[in-house]
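*Asks:* This is what each chain is made of:
There are 2 protein chains.
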Amino acid sequence: MLSNHLQNGIETAKQVWSRIPNGDDGELEGVSLLNTINGGTVESLDYEVIENYAYREEQAQRGKLYVGYYVVVKWLFALLIGIGTGLAAVFINISVENFAGWKFALTFSIIQKSYMAGFLVYILINLGLVFSSVYIITKFAPAAAGSGIPEIKGYLNGVDIRGILLFRTLIGKIFGSIGSVGGGLALGKEGPLVHIGACIASLLGQGGSTKYHLSSRWLQVFKSDRDRRDLVTCGCAAGVAAAFRAPVGGVLFALEEVTSWWRSQLMWRVFFTSAIVAVVVRTAMGWCKSNKCGHFGSGGFIIWDTSDGQEDYSFEELLPMAVIGVFGGLLGALFNQLTLYMTSWRRNYLHKKGNRVKIIEACTISLITSLISFGLPLLRKCSSCPESDSDSGFECPRAPGMDGNYVNFYCGKENEYNDLATIFFNTQDDAIRNLFSAKTIHEFSAQSLLTFLVMFYALAVVTFGTAVPAGQFVPGIVIGSTYGRLVGMFVVNFYKKLSIEEGTYALLGAASFLGGSMRMTVSLCVIMVEITNNLKLLPLIMLVLLISKAVGDAFNEGLYEVQARLRGIPILESKPKYQMRKITAKEACGNQKVISFPRVVKVADVVSVLQSNVHNGFPVIDHTRSGETIVIGLVLRSHLLVLLQSKVDFQHSPLPCDTRVGSLPIGHNFSEFVKPASSKGISIEDIHLTTDDLEMYIDLAPFLNPSPYVVPEDMSLTKVYNIFRQLGLRHIFVVPRASRVIGLITRKDLLIEDSEDSATELQSTSVRPRCLDKKMLTRDGNAGRPLLSGLLAHDRMLS
Amino acid sequence: MLSNHLQNGIETAKQVWSRIPNGDDGELEGVSLLNTINGGTVESLDYEVIENYAYREEQAQRGKLYVGYYVVVKWLFALLIGIGTGLAAVFINISVENFAGWKFALTFSIIQKSYMAGFLVYILINLGLVFSSVYIITKFAPAAAGSGIPEIKGYLNGVDIRGILLFRTLIGKIFGSIGSVGGGLALGKEGPLVHIGACIASLLGQGGSTKYHLSSRWLQVFKSDRDRRDLVTCGCAAGVAAAFRAPVGGVLFALEEVTSWWRSQLMWRVFFTSAIVAVVVRTAMGWCKSNKCGHFGSGGFIIWDTSDGQEDYSFEELLPMAVIGVFGGLLGALFNQLTLYMTSWRRNYLHKKGNRVKIIEACTISLITSLISFGLPLLRKCSSCPESDSDSGFECPRAPGMDGNYVNFYCGKENEYNDLATIFFNTQDDAIRNLFSAKTIHEFSAQSLLTFLVMFYALAVVTFGTAVPAGQFVPGIVIGSTYGRLVGMFVVNFYKKLSIEEGTYALLGAASFLGGSMRMTVSLCVIMVEITNNLKLLPLIMLVLLISKAVGDAFNEGLYEVQARLRGIPILESKPKYQMRKITAKEACGNQKVISFPRVVKVADVVSVLQSNVHNGFPVIDHTRSGETIVIGLVLRSHLLVLLQSKVDFQHSPLPCDTRVGSLPIGHNFSEFVKPASSKGISIEDIHLTTDDLEMYIDLAPFLNPSPYVVPEDMSLTKVYNIFRQLGLRHIFVVPRASRVIGLITRKDLLIEDSEDSATELQSTSVRPRCLDKKMLTRDGNAGRPLLSGLLAHDRMLS
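If you read the protein sequences in the order shown, they are chains U and F.
According to full-length UniProt numbering, the stretch in the first sequence is residues 1 to 799, in order.
According to full-length UniProt numbering, the stretch in the second sequence is residues 1 to 799, in order.
Hint data in this document are derived by calculation from the structure and do not stem from the laboratory.
Positions of the beta carbon are idealized from the N, C-alpha and C atoms, including for glycine.
A few of these clues could be false.
Once the Cα atoms are required to be at most 30 Å apart in a straight line, the calculated BS3-like pairs of lysine-lysine come out as [to be verified]:
#: 1; chain 1: U; residue 1: K292; chain 2: F; residue 2: K497
#: 2; chain 1: F; residue 1: K536; chain 2: U; residue 2: K536
#: 3; chain 1: F; residue 1: K497; chain 2: U; residue 2: K289
#: 4; chain 1: U; residue 1: K577; chain 2: F; residue 2: K748
#: 5; chain 1: F; residue 1: K575; chain 2: U; residue 2: K577
#: 6; chain 1: U; residue 1: K536; chain 2: F; residue 2: K439
#: 7; chain 1: F; residue 1: K289; chain 2: U; residue 2: K439
#: 8; chain 1: F; residue 1: K575; chain 2: U; residue 2: K748
#: 9; chain 1: U; residue 1: K74; chain 2: F; residue 2: K593
#: 10; chain 1: U; residue 1: K593; chain 2: F; residue 2: K748
#: 11; chain 1: U; residue 1: K113; chain 2: U; residue 2: K413
#: 12; chain 1: U; residue 1: K497; chain 2: F; residue 2: K292
#: 13; chain 1: F; residue 1: K536; chain 2: U; residue 2: K439
#: 14; chain 1: U; residue 1: K497; chain 2: U; residue 2: K381
#: 15; chain 1: U; residue 1: K289; chain 2: F; residue 2: K439
#: 16; chain 1: F; residue 1: K536; chain 2: U; residue 2: K74
#: 17; chain 1: F; residue 1: K577; chain 2: U; residue 2: K748
#: 18; chain 1: F; residue 1: K289; chain 2: U; residue 2: K496
#: 19; chain 1: F; residue 1: K536; chain 2: U; residue 2: K289
#: 20; chain 1: U; residue 1: K74; chain 2: F; residue 2: K289
#: 21; chain 1: U; residue 1: K575; chain 2: F; residue 2: K577
#: 22; chain 1: F; residue 1: K575; chain 2: U; residue 2: K575
#: 23; chain 1: F; residue 1: K593; chain 2: U; residue 2: K748
#: 24; chain 1: U; residue 1: K352; chain 2: F; residue 2: K748
#: 25; chain 1: U; residue 1: K439; chain 2: U; residue 2: K289
#: 26; chain 1: U; residue 1: K536; chain 2: F; residue 2: K575
The following residues of chain U were derived to be distant from chain F, with all beta-carbon distances above 12 Å [claimed, not checked]:
#: 27; residue: M116
#: 28; residue: I171
#: 29; residue: L330
#: 30; residue: L376
#: 31; residue: L379
#: 32; residue: P386
#: 33; residue: K413
#: 34; residue: N493
#: 35; residue: M520
#: 36; residue: V601
#: 37; residue: D605
#: 38; residue: Q651
#: 39; residue: V734
Please take these sequences and the hints and turn them into a complete structure.
*Replies:* What follows is the structure, given as structure tokens:
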């Protein structure tokens with residue numbers, strides 16, 4: 001069959017040759033067709049080559065209907081990501097609030113009788129929750145440990161990391177977060193929520209989890225890297241929007257912190273997803289308002305409404321605010337550095353010893369955390385309640401088992417409260433709410449705040465990097481608001497103005513620590529405004545963030561960058577390194593030997609090359625009729641593996657197979673070439689070929705990317721970097737300088753007026769007419785143009 | 001002198017040749033040095049080539065101190081842009097509010113006696129103000145007409161438009177805005193404020209206005225296009241931040257709507273500028289609070305505080321809100337279409353007849369506007385005041401001469417008000433405040449709102465495109481809030497719930513119209529939230545914007561895109577056109593003949609080429625020793641003109657001048673090559689050369705960009721477009737396919753660890769050691785590497 005097919009092919013090719021005077025051999029129609037198709041991607045990671053081919057081919061087959069379907073699915077997915085992430089966030093919040101609420105209620109009721117028994121119960125509940133979390137992570141979903149933001153950032157930068165977007169990671173992240181946050185560790189659920197959003201998006205993008213048979217063919221329309229990355233970007237924004245109920249902050253976070261490429265069309269969809277999350281979360285909270293969700297009520301979702309706080313600020317206050325900014329920068333940079341040491345020590349020594357050590361470690365940290373958060377307030381003397389102030393709206397001490405300020409804990413008298421317990425023996429959300437609270441001047445003593453700051457900072461550093469899902473937002477806010485409130489206390493004492501609220505300084509402190517650690521600016525600012533629901537403090541938050549980021553930048557990089565580097569995620573930053581100016585492209589390639597394939601290659605050669613090196617892309621080189629070599633494209637390792645596995649394209653003859661004039665090779669379902677989203681794909685070891693197979697040939701022309709990006713050998717690496725980074729590439733060819741310039745493209749050459757409707761992003765396009773058109777064009781007198789098509793030496797090979 | 005110099009050069013070159021075995025001729029050190037330097041720009045418009053050269057050379061001379069100075073100036077400029085734009089906004093607002101306030105006060109006091117006299121006074125004041133505005137624009141600063149946003153958008157996209165960033169444009173814009181807004185036309189001051197911010201930024205960037213002798217050499221550190229564009233981006237954000245007192249909105253507007261390239265480092269500086277604006281404006285308003293600024297008080301700056309409005313919304317309300325979104329999309333798209341027709345008619349017929357017609361036109365529109373805004377309320381019957389409601393805080397009718405609701409205008413009784421006059425016979429700011437106001441249910445009748453909507457819509461369309469500075473934000477908000485309030489009235493009547501506020505619907509209407517006309521999403525959303533100071537409505541605003549943008553996109557493009565196209569500003573959008581997939585790079589060049597220069601070119605040839613065509617860039621081609629041609633770089637028209645004008649580099653011999661081994665040509669101040677920011681630069685007609693001059697030669701090697709971006713001839717235009725657009729280029733060479741691949745660059749080749757401190761963006765770099773290093777490298781056994789350096793045929797030419 002195959003040999004017949006090939007004979008026909010040669011016959012066809014000969015006919016084509018006889019018809020076209022300048023030797024336009026048709027094959028290259030196939031090639032430039034591929035080129036044309038591939039060119040349609042805005043930021044094509046090279047993997048997209050065949051994917052788009054397959055994809056658009058399918059589309060061309062199914063016609064306009066398919067385009068509509070694609071657009072509908074695209075927006076449907078944005079909707080589903082929003083709903084899914086919103087529901088996941090609601091579920092986590094309800095669970096955490098109920099576990100924690102139940103824990104504190106029980107402990108408080110027991111300590112009425114015995115502090116020792118209460119302490120034991122408290123420790124055991126925390127230990128149980130943390131153990132459940134670390135057990136899930138170590139046994140079931142190791143990729144769900146940590147915040148996940150560096151990994152997602154890496155993924156969107158073009159680095160695939162094993163397992164981060166699997167269904168089991170999603171499940172592990174959701175349940176692990178409940179355990180670790182509910183168990184009272186010094187970590188938050190915001191980073192994990194971003195990861196959860198990304199997982200949901202990625203799973204939708206591949207049409208469900210294939211492993212768990214939850215996939216649907218109807219949803220498998222997103223086959224290109226770009227579409228998948230867009231979905232994951234939506235998921236990240238949804239995660240932030242859900243974690244902070246900050247839809248605009250979510251969009252900005254995705255834009256500023258996570259993505260590497262950004263298109264304004266995408267902003268629109270990300271925005272939609274965030275809006276959906278906001279609606280879902282709001283609806284769920286409305287539903288829970290009438291105590292349908294147990295302990296989940298005003299707490300949970302981190303909205304710290306400070307709108308009844310300070311209205312105005314005077315110029316004298318700018319100095320202490322700047323001091324807060326400096327503190328934030330210093331403590332944030334220190335945090336990054338300490339966590340770097342901790343994590344690298346953990347990775348190199350502790351975590352190598354296996355899962356048992358990870359579990360013991362997390363449980364030990366849980367014990368220490370429980371001990372400190374219960375024990376330290378015991379050592380603290382209680383203060384007497386302030387003069388009853390009906391307009392402040394706070395009860396002192398608060399009713400037992402309720403949220404709020406003025407916790408009566410181990411106090412001798414009835415109208416006393418323990419200020420350290422108010423922040424320490426509490427959920428972090430409530431602690432922050434208490435620190436932010438206005439009209440509670442002198443609630444906390446400097447000594448308590450300082451104790452809490454030191455202990456919590458140490459706990460946050462130690463907890464970072466354990467094998468549980470962990471976000472750094474809420475611990476950061478806790479740390480920041482503590483020293484912020486400390487500064488606020490001094491300001492209140494020093495300026496003696498009634499309009500100054502300590503809570504405002506706590507808020508600024510929180511912003512400053514996050515700025516000093518994560519180094520975000522606009523998105524953080526918007527998130528802070530959205531979670532505190534107070535626009536009036538915006539310029540102050542901006543000021544504090546500016547200072548803390550500048551101070552932090554003087555010491556080290558942002559938390560996510562540091563962590564990504566530690567985890568070996570090779571993120572390409574937006575700015576090239578300074579020393580790249582002195583390196584040429586050729587020097588950057590070093591002494592690596594370029595292994596290239598001829599157009600028609602022996603199977604045995606392919607196998608030996610793939611076995612002997614680990615490159616992911618290979619140039620394909622052919623000869624012109626005059627015997628000169630010419631680079632005709634790039635073929636990817638993954639595509640070669642698919643070809644070797646399927647064997648459909650093997651041929652006996654070393655001549656190009658010319659039946660494929662402008663059409664697809666027969667017998668290939670091009671979805672085979674689609675990169676699997678969550679598995680490693682096939683490797684050369686998995687492929688078994690017979691001796692006969694090894695003696696056969698493959699014509700690579702239909703499977704290569706015919707116009708990879710090229711740079712001249714002596715271009716500086718800075719320029720190469722910019723091309724690579726800005727266009728989102730995976731391979732660039734370094735080639736010799738050109739011998740002549742065929743044309744210059746300037747702005748005016750690119751200003752083509754719309755003749756078709758450009759509003760539709762994808763259009764059904766018939767492939768054949770174009771080939772015919774071009775042939776006619778070639779025949780009509782443009783024969784002199786030395787298109788690549790005319791250069792290949794097939795007359796020589798066929799003769 | 002010159003000939004001696006040349007002889008020395010040849011001697012030096014010979015010595016160099018004898019020392020280097022593989023013929024590394026040193027010149028190319030100069031070239032690749034240039035390459036290295038040029039490579040340092042992140043997004044290099046080609047104009048930067050020599051600019052950076054000069055720039056970094058200067059910097060290398062001045063050393064580390066200069067780097068610090070550069071960074072300080074960069075941030076100082078951000079500060080100054082913020083302060084300048086803030087003060088300009090304050091000045092405009094104070095002026096407008098005082099003119100308008102005085103106008104209305106006078107009119108109201110006169111109509112107590114005679115409506116006719118009041119009418120005349122009102123008309124005359126408006127006419128005077130509008131006349132002053134149109135007179136300034138036509139006689140003094142024609143580039144200051146319109147909003148300026150499409151032009152700034154074009155500038156940031158890489159298109160230079162004559163005169164838009166001049167000092168006189170700035171002045172014209174400031175005083176023109178005062179006249180046109182104070183004169184009561186249906187336009188706003190927000191677009192002009194963006195333009196003003198951009199002008200201030202640009203003038204700072206060139207160190208002041210050279211024409212008016214306000215420049216300072218010390219501030220002239222920003223010589224590259226990129227630095228200037230960054231400043232203008234800051235200016236745009238500052239303009240929005242000042243216009244709306246919306247600092248975050250300003251950053252997002254610059255990001256989403258205006259810029260074409262965006263770097264995260266820039267976001268940081270833009271953010272800072274916006275924060276400064278917020279502080280300046282706030283300080284000025286605080287200073288004005290105690291009536292120091294005349295009529296300027298609570299009005300002026302468009303903050304419409306709706307925080308005492310609707311707190312909550314029910315699901316039934318989503319339907320009418322969606323209806324508002326659809327209205328917004330339809331009316332916005334219609335607005336874009338009508339203004340397109342109006343403007344194109346104006347440009348083609350009316351404005352060709354000279355300035356007199358422009359003045360008459362503006363004055364006529366002013367007359368019509370005055371007539372309608374005074375006359376229509378007269379025809380309207382007054383309503384009686386609602387039952388006195390002390391908690392709403394509104395007086396009815398309002399005290400004469402004050403701002404507020406319930407205007408008593410031509411009413412028979414004391415406790416009556418004229419609802420049409422409340423919105424029509426008022427400044428637009430007050431009209432919006434009244435439309436947004438909560439707790440004023442049934443203030444307006446549907447008939448009045450409908451009349452106002454139709455009339456104001458028509459006026460806004462007619463006014464758009466007159467020769468006065470004009471923004472479309474405030475008119476858009478007026479139109480939108482009118483139909484929004486109309487829908488709100490129906491909702492109130494239909495659902496009969498007390499919690500529903502008509503003002504909320506007015507706000508949503510405003511958002512929907514702006515979304516339907518300008519098609520912004522995130523930035524508009526944030527701006528709306530910031531100007532209304534109400535975060536609770538965020539999801540609703542998002543919803544409305546999503547719908548109105550989608551509906552609008554179904555009909556036409558956004559307002560700025562439509563206007564930019566009409567004005568012939570060739571903006572490259574972020575997405576390539578669909579039909580580009582079918583075009584190759586070679587086809588895109590068409591039949592244009594490529595004119596290239598040899599390395600050493602005769603002056604007469606340069607002159608004749610520059611005279612005979614208008615290209616801005618020319619390839620430079622040299623020969624290898626084996627006689628093959630090789631492309632060595634790109635030389636720009638502007639640089640050739642500088643060379644022709646200065647004559648310093650003319651030489652008698654047609655041989656390359658080799659004294660410049662790795663160093664700068666002597667006798668050139670490279671700041672000559674810097675593109676003038678606001679003038680057209682020299683043209684070939686300005687240059688006068690003697691016959692002797694014409695017989696001389698120029699060695700182009702030191703002046704060319706040695707590694708312009710190249711694409712293979714058969715790459716699809718979509719891919720070319722992406723390279724061009726993403727990297728911000730001006731020229732791309734189309735070259736034949738490469739004959740071989742020297743190396744492949746992948747991600748790992750670009751992950752170079754920092755050895756130097758990369759925190760400093762610019763570092764002093766000594767040039768010479770690098771050249772020596774490379775030569776030593778070449779001598780040390782890398783002689784076999786066929787670097788470009790080894791290819792040029794200078795032995796042949798020298799022998």
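*Asks:* If a hint holds in the structure, say so; if it doesn't, say that too.
*Replies:* Hints versus structure:
1. U:K292 / F:K497: Status holds; Cα separation ~26 Å.
2. F:K536 / U:K536: holds (15 Å)
3. F:K497 / U:K289: Holds: K497 (chain F) and K289 (chain U) sit about 21 Å apart, inside 30 Å.
4. U:K577 / F:K748: Given pair K577 (chain U), K748 (chain F) holds - Cα atoms ~14 Å apart, limit 30 Å.
5. F:K575 / U:K577: holds (29 Å)
6. U:K536 / F:K439: Roughly 23 Å separates the two Cα atoms, so the pair holds.
7. F:K289 / U:K439: At roughly 27 Å apart (the allowed maximum being 30 Å), K439 (chain U) and K289 (chain F) satisfy the hint.
8. F:K575 / U:K748: holds (16 Å)
9. U:K74 / F:K593: violated (45 Å)
10. U:K593 / F:K748: Holds, at about 15 Å.
11. U:K113 / U:K413: Holds, at roughly 16 Å.
12. U:K497 / F:K292: With Cα atoms ~26 Å apart, K497 (chain U) and K292 (chain F) stay inside 30 Å; holds.
13. F:K536 / U:K439: Between K536 (chain F) and K439 (chain U) the Cα gap is close to 23 Å, so the pair holds against 30 Å.
14. U:K497 / U:K381: Given that 30 Å is the threshold and the Cα spacing comes to 28 Å, the pair holds.
15. U:K289 / F:K439: holds (27 Å)
16. F:K536 / U:K74: holds (28 Å)
17. F:K577 / U:K748: At roughly 14 Å apart (the allowed maximum being 30 Å), K748 (chain U) and K577 (chain F) satisfy the hint.
18. F:K289 / U:K496: Roughly 24 Å separates the two Cα atoms, so the pair holds.
19. F:K536 / U:K289: holds (17 Å)
20. U:K74 / F:K289: violated (51 Å)
21. U:K575 / F:K577: Holds, at about 29 Å.
22. F:K575 / U:K575: With a Cα-Cα distance of about 23 Å, the restraint between K575 (chain F) and K575 (chain U) holds, given a limit of 30 Å.
23. F:K593 / U:K748: holds (15 Å)
24. U:K352 / F:K748: Since the Cα atoms of K352 (chain U) and K748 (chain F) sit roughly 26 Å apart, the hinted pair holds (cutoff 30 Å).
25. U:K439 / U:K289: The hint holds at about 26 Å.
26. U:K536 / F:K575: violated (38 Å)
27. M116: M116 (chain U) is indeed farther than 12 Å from all Cβ atoms of chain F, at 47 Å.
28. I171: holds (29 Å)
29. L330: holds (17 Å)
30. L376: Correct as stated: the minimum Cβ-Cβ distance to chain F is 37 Å, above 12 Å.
31. L379: holds (41 Å)
32. P386: holds (29 Å)
33. K413: K413 (chain U) clear of chain F: closest Cβ-Cβ about 40 Å, beyond 12 Å.
34. N493: Nearest chain F Cβ is 26 Å from N493 (chain U), so the label holds.
35. M520: The claim is violated: M520 (chain U) sits with its nearest Cβ about 10 Å from chain F, within 12 Å.
36. V601: The claim stands: V601 (chain U) keeps its Cβ more than 12 Å from every Cβ of chain F (closest is about 16 Å).
37. D605: holds (17 Å)
38. Q651: The claim stands: Q651 (chain U) keeps its Cβ more than 12 Å from every Cβ of chain F (closest is about 25 Å).
39. V734: Since the minimum Cβ distance to chain F is about 4 Å, V734 (chain U) lies within 12 Å and the statement is violated.
Consistency with the previously given hints fails for numbers 9, 20, 26, 35 and 39, ordered from lowest to highest.
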